[in-house]
Amino acid sequence: MGEVIVITSGKGGVGKTTTTANVGAGLVKLGNKVCVIDADIGLRNLDVVLGLENRIVYDIVDVVTKNCRIKQALIKDKRFDGLYLLPAAQTKDKDAVTPDQMVELVNELKQLHDYVIIDCPAGIEQGFKNAIAGADRALVVTTPEISAVRDADRIIGLLEAAELNDPLLIVNRVRIDMVKRGEMMNIEDMKDILAIDLIGVVPDDENVVIGTNRGEPMVANGEAMSGKAFMNIAQRIMGEEVEYLDLDLNDSFFGKLKKVFNFGK
Amino acid sequence: MKNPADFKGTKNGIQIQFNETDEFDKAILFLREKLTKSLAFYKDAEIIGVEGRKLTERERVALYLMLDGEFGLKVSSLDNSEKEESTMTPSVIEKIVEVEKKEVAAPKIESVFVRKTLRSGVSVKSEGDLVVVGDVNPGAEVIAAGNIVIMGTLRGVAHAGCKGNRNAVVAANKLLPTQLRIDTLITRSPEDEEGIHYPEVAVIKDGQIVIEPYN
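Chain order of the listed sequences is A and B.
The opening residue of the first sequence carries number 16 in our numbering; numbering runs sequentially from there.
The opening residue of the second sequence carries number 166 in our numbering; numbering runs sequentially from there.
FYI, nobody ran anything at the bench for these hints, they're computed from the structure.
Hints should not be assumed to be uniformly reliable.
Claimed, not checked - Straight-line Cα separation of at most 27 Å, DSS-like style, residue types lysine-lysine; simulated pairs: (1) 239(B) - 281(B); (2) 339(B) - 206(A); (3) 328(B) - 195(A); (4) 144(A) - 199(B); (5) 208(B) - 219(B); (6) 48(A) - 91(A); (7) 273(B) - 290(B); (8) 239(B) - 290(B); (9) 281(B) - 219(B); (10) 199(B) - 219(B); (11) 328(B) - 370(B); (12) 219(B) - 206(A).
What the hints assert, rightly or not - Among the chain B residues that face chain A by a calculated CB cut under 7 Å, a handful are: (13) 281; (14) 285; (15) 299; (16) 343.
In this text, all values refer to a predicted model and were calculated from it rather than measured experimentally.
We put the beta carbon where it would ideally sit given N, CA and C, even for glycine.
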């Protein structure tokens, strides 16, 4: 029986889809069978980020309206053996699916995969409610900006109200140079307000833009720092203790970073 | 036609003269009207008795409530001038009035106690005081008719004395509010607040909100 993880944020554009694609691919590289679901109906992106958009025949709305079987809608990724995508519909909107339908769908997929990862849309309305229905746990993605943290706080409150307790935090698009200059929020301030445990820090990386345009997840690129960070997150999801990346060559800063994070589960 | 009742002046004070034929309710209404019109005239008078009617216990209380309760007149006696024994002396009547007042008293105002951090989007209200053991994050709001105490960091919006209370205070371990309101005054944190690491209390002094260290 697999685990269902929803990747959410509240704020748009912080990296949920990128995280879903990369963490999904990363888990596959670690030997798991993974299904990633795009729950952003009407504004689908996960297929583009994974480079699978030309292979879509059926989508999530077809599945819940019983227009097709689940297996017909799942797209098998040829680069990552074990990765499957259930795409969103582009011509419908978020009212096309109900939370109950999501629960039914997700329960069926749980039987067939080690991990089911749901890419949640931005916002707190129907799309969000659909995405979290049936999830076992949540990862909250944010960037080190006040507006993103404000929205993340709201989302964490809503997750806790929906009994998805102990969500874990991923801080994305960190620019260490700006943090050092005091121009970007540091992780400690964010943890102070959000009060949840950290599971990953991903640096801002040009490769993400390039990879997205090509439809290639970062974890496929051995060199990219962001790819390494996502792989580490995948390992931590599986329960491994992984040291946080040295995002900066400055030893004393890394030492400080080590003290701030906590490792265990 | 005679009035249902009248105030009769005597050398000792004022007597209330009832006309036997009329109903008590009518008489009371009439007296009330008279007092409302010329309260200044009757203000310092002393009611020393009643004539022309044998009042029941209930009627006595009603009369007392109107004379003393509504108009603040001094009532030394509502006895008949015929010197009848009455168990309803003014002091007994006062006791009854007191008990009646207590029973209709205002409902107890409950204060609210919250033992967790309030996240963005959460709003907590109180008709009394409000205590939070936890933080109040930006985007959260705490509103109380009374005082607000936060054993944590206040980063959201707090409004104390929201129903009109200039004496209400907002206290917090770390006072870094987005906005602070007491009664009808609004203020916000000064730009450079990070240096302060002790508890503070916000109060109204001289018509504006000031923040003092707790101690």
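Ascending list of hint numbers which this structure does not respect: 1, 3, 4, 8, 9, 12, 13, 15, 16
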